[in-house]
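Could you put together the complete structure from these sequences and hints?
Chains as they are written, first to last, in my numbering: chain A, 1 to 268; chain B, 1 to 260; chain C, 1 to 261.
Simulated from the structure, these hints should not be mistaken for lab results. Positions of the beta carbon are idealized from the N, C-alpha and C atoms, including for glycine. Warning: the hint list may mix true and false statements.
Said to hold, decoys possible - Capping the alpha-carbon separation at 20 Å, the derived lysine to any residue pairs in SDA-like fashion look like this: (1) B:Lys100 <-> A:Val26; (2) A:Lys103 <-> A:Ala168; (3) C:Lys153 <-> C:Phe193; (4) C:Lys2 <-> B:Arg106.
What the hints assert, rightly or not - Heads up, incomplete: computed chain A residues facing chain B, CB under 8 Å, no partners named: (5) Glu175; (6) Ile177; (7) Val180; (8) Gly182; (9) Ala191.
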Amino acid sequence: MMGSIQHRSAGVWHRTRSWFWGLLIVIVYVWGIFGINFSKIQSSAGAVTKAVLMGIIHPDWHYVYQGNGEDLVSVMLQTLAIAFVGTIISARISIPFAFWAAKRRRHHFSVLSTSGRIVLAVVRTFPEIVLAIMFIKAVGPGAFAGVLALGVHSVGMLGKLFAESIEAIDAGPGESILSVGGNAVNGLVFATLPQVLPAFASYSLYRFEISVRSATILGMVGAGGVGTPLLFAIQTRSWNRVGIILIGIIITVTIIDYLSGWLRKQLG
Amino acid sequence: MTKPELKPVIDVQHVSKIYDNGTSGLSDINLQVKPGEFVVIVGLSGAGKSTLMRSLNRLHQVTEGHVLIDGRSITEAKGRNLRQLRRDVAMIFQNFNLVKQSTVLRNVLAGRLGYYPTWQSSLGLFKEADKQRAYKALERVNLLDKVYQRVDQLSGGQQQRVAVARAFVQDPKIVLADEPTASLDPKTAHLVMNDLKSMNQELGKTVVANLHSVALAKEYATRIIGLRAGRIVYDESIQNVTDADLADIYNGDSSVGERQ
Amino acid sequence: MKLPKQTIVQRFHIRFFGSLIILLGLLIASNNFLKLDFSALVQNFDQFLALFKEMMHPDWKSAPFVVQPMLETIQMALIGTTLGTLLAIPAAIVAARNVVTNKWITGFVRIIFNMIRTLPDLLLAALFVAIVGIGPYAGVLTLTIFSFGMITKLFYECIETIDNGPLEAILATGGKRSAMVMFAILPQVSSRFISYILYTFEINVRASTVLGYLGAGGIGQQLQTSLSQFRYDQTAVIILAILIVVLAIDGLSNFARERLQ
Chain A
1 MMGSIQHRSA GVWHRTRSWF WGLLIVIVYV WGIFGINFSK IQSSAGAVTK AVLMGIIHPD
61 WHYVYQGNGE DLVSVMLQTL AIAFVGTIIS ARISIPFAFW AAKRRRHHFS VLSTSGRIVL
121 AVVRTFPEIV LAIMFIKAVG PGAFAGVLAL GVHSVGMLGK LFAESIEAID AGPGESILSV
181 GGNAVNGLVF ATLPQVLPAF ASYSLYRFEI SVRSATILGM VGAGGVGTPL LFAIQTRSWN
241 RVGIILIGII ITVTIIDYLS GWLRKQLG
Chain B
1 MTKPELKPVI DVQHVSKIYD NGTSGLSDIN LQVKPGEFVV IVGLSGAGKS TLMRSLNRLH
61 QVTEGHVLID GRSITEAKGR NLRQLRRDVA MIFQNFNLVK QSTVLRNVLA GRLGYYPTWQ
121 SSLGLFKEAD KQRAYKALER VNLLDKVYQR VDQLSGGQQQ RVAVARAFVQ DPKIVLADEP
181 TASLDPKTAH LVMNDLKSMN QELGKTVVAN LHSVALAKEY ATRIIGLRAG RIVYDESIQN
241 VTDADLADIY NGDSSVGERQ
Chain C
1 MKLPKQTIVQ RFHIRFFGSL IILLGLLIAS NNFLKLDFSA LVQNFDQFLA LFKEMMHPDW
61 KSAPFVVQPM LETIQMALIG TTLGTLLAIP AAIVAARNVV TNKWITGFVR IIFNMIRTLP
121 DLLLAALFVA IVGIGPYAGV LTLTIFSFGM ITKLFYECIE TIDNGPLEAI LATGGKRSAM
181 VMFAILPQVS SRFISYILYT FEINVRASTV LGYLGAGGIG QQLQTSLSQF RYDQTAVIIL
241 AILIVVLAID GLSNFARERL Q
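Structure, rendered in structure tokens:
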């Protein structure tokens, strides 16, 4: 008897809980769909879509190489260079941040590492394009602002990943360095770094893949790379130009992803 | 045989260890080890064997008492003095504690770290004499052919023997071995124990080892110490040790030792 | 004593130094190509700091005007994630090799999905603003495509890890493929799917905060206005609002994902 009563009450509770969540989700969706103030879609939408697709099918092949430093190959190379230098800078900055944010003992609260984590979370959330605009104020429009924006923004993610790999290392080798009479620097050089550097390199490559994507859009705010000519082509409705740039981005990013993935496998 | 007039190389005086969470690891340990002894510590897991071992080179901080290494207190030493004392005490670990991503040679050379200024070792500028020392140590443990390989390509037994080679080049007075054979199969366990034995007999190093296996303890020890619940309950030269004594250390129901 | 022979690669640490030299070479080449002028950064750093100082004094009076666009941002992310998911479920089933055994079909659709995933969010936003005009429509479409690319991959990789036993059982009893999907696949993957959807929602909230910069609705519009009017005190309020919302959504979503497991 007791058992069946308990069973029933648990069932009722379970059912109310499901109802509660279901209702909550419905409310959220009603709010989301009816709350949003959809303006009218512009009447030319159909025609523009067609034009964009036509542009991709008939891309402006002349733009690929013109030898004037303004062509697709040049701006794509510039995009890659921005992502590359930005990643190197951020990897370098991330190392001390990672040691700051890494917990020394598992499941142990520490003010030091928590503060490091918060700083990294804020950096990660600070929008990249706002950083780019801030750096444009300082160094003027162009690739350098893009490099700096990526270099700073990526620290948020790389610092976190690096910190996690520091936390994951085996404490044993460090202990053995102490036991032979080594000091803290010896421990870092002979035990910690050999364990974390492969992971650092692998995460940096991964971040490079993401940074290449970011670098393609930083130009839209004036921070160098393919984004500037792309936005210009969209605004002047040169859809053939847009088409070739899209193709260029898709091919470049695909190749970079593939190469980087292969390199990361070598490291692993 | 140990001669009574020799000064102890390890002198543990009234050592107690209470962990942060309040549990007691060691209580009032008194122990003298003379140069050239091969001491094996036996006891159940949790009896405090590892804690005692790690107190000897101060990987663990003791709560009370002193540990003297060759007459100098390691429990009070700081900075450079502590590191110099540790240089005289090599340690071999159950999990080998090698840097798996580095080469065998680099792991063995790490045994010389205590002899170098930091900048020099950090740049990897080890003297030729020390490299020769490392090769010789690897030859002793039969791994010279693996010298340039990464440690993670070696088997567990080979890794432990690399750790032994590291202890060789450290040129210590004392070798501590904390469950050196617990992760190894019986055959490799013997190889590693033979390495320790040759360090003890040919090079005159004092060896203190924790062992789980009673058979290995009887085979290699010159003296056996029994530990139970953080206290020394048994301490005899090997010729006085009987199987019944050993069984008592593990079973806990005994008249031996100084139970309170 | 006989030392083993060291290969040249081992002797001179070719792999390590080789990578280092390639890395340095690429760095110098990139540096020359981009004509980076690090002295400009040092010289103009006071301007950067001045801007930063202005942002340190947020214009709290503008805070109420941030609320409505911020809510629109979340709504865009919600609808975009949902539409992306609805499209992703059939797409993932077609791309999963244990459901569709024809390698040509899975290979072809995967190439298409990979291509979609190479396009970053703001690029899609710029395109959709040109197509449908300024406003949240463009943002929702952007996030739909963006999350479609991400979720499809997570989903088909997830489907491929499931236990194939029930699949074969249904086919063996003469069941149709649609029955296989309904009764053998979805029950096995649903909790992981929800976890991925929440994860994508987190990323979409982050992305949707800046889409408005190009006119695709949400808080990004205000961000663009404040920056173009040099009202960095207002920019600061918007960024703070983004920080709070993004971190709160991350926290909630993380909590929900942990409860799911």
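Status of the hints after comparison with the structure:
no. : hint                  : result
1   : B:Lys100 <-> A:Val26  : violated, 54 Å
2   : A:Lys103 <-> A:Ala168 : holds, 10 Å
3   : C:Lys153 <-> C:Phe193 : holds, 11 Å
4   : C:Lys2 <-> B:Arg106   : holds, 18 Å
5   : Glu175                : holds, 6 Å
6   : Ile177                : holds, 6 Å
7   : Val180                : holds, 5 Å
8   : Gly182                : holds, 4 Å
9   : Ala191                : holds, 6 Å
Of the numbered hints listed earlier, the single one contradicted by the structure is hint 1.
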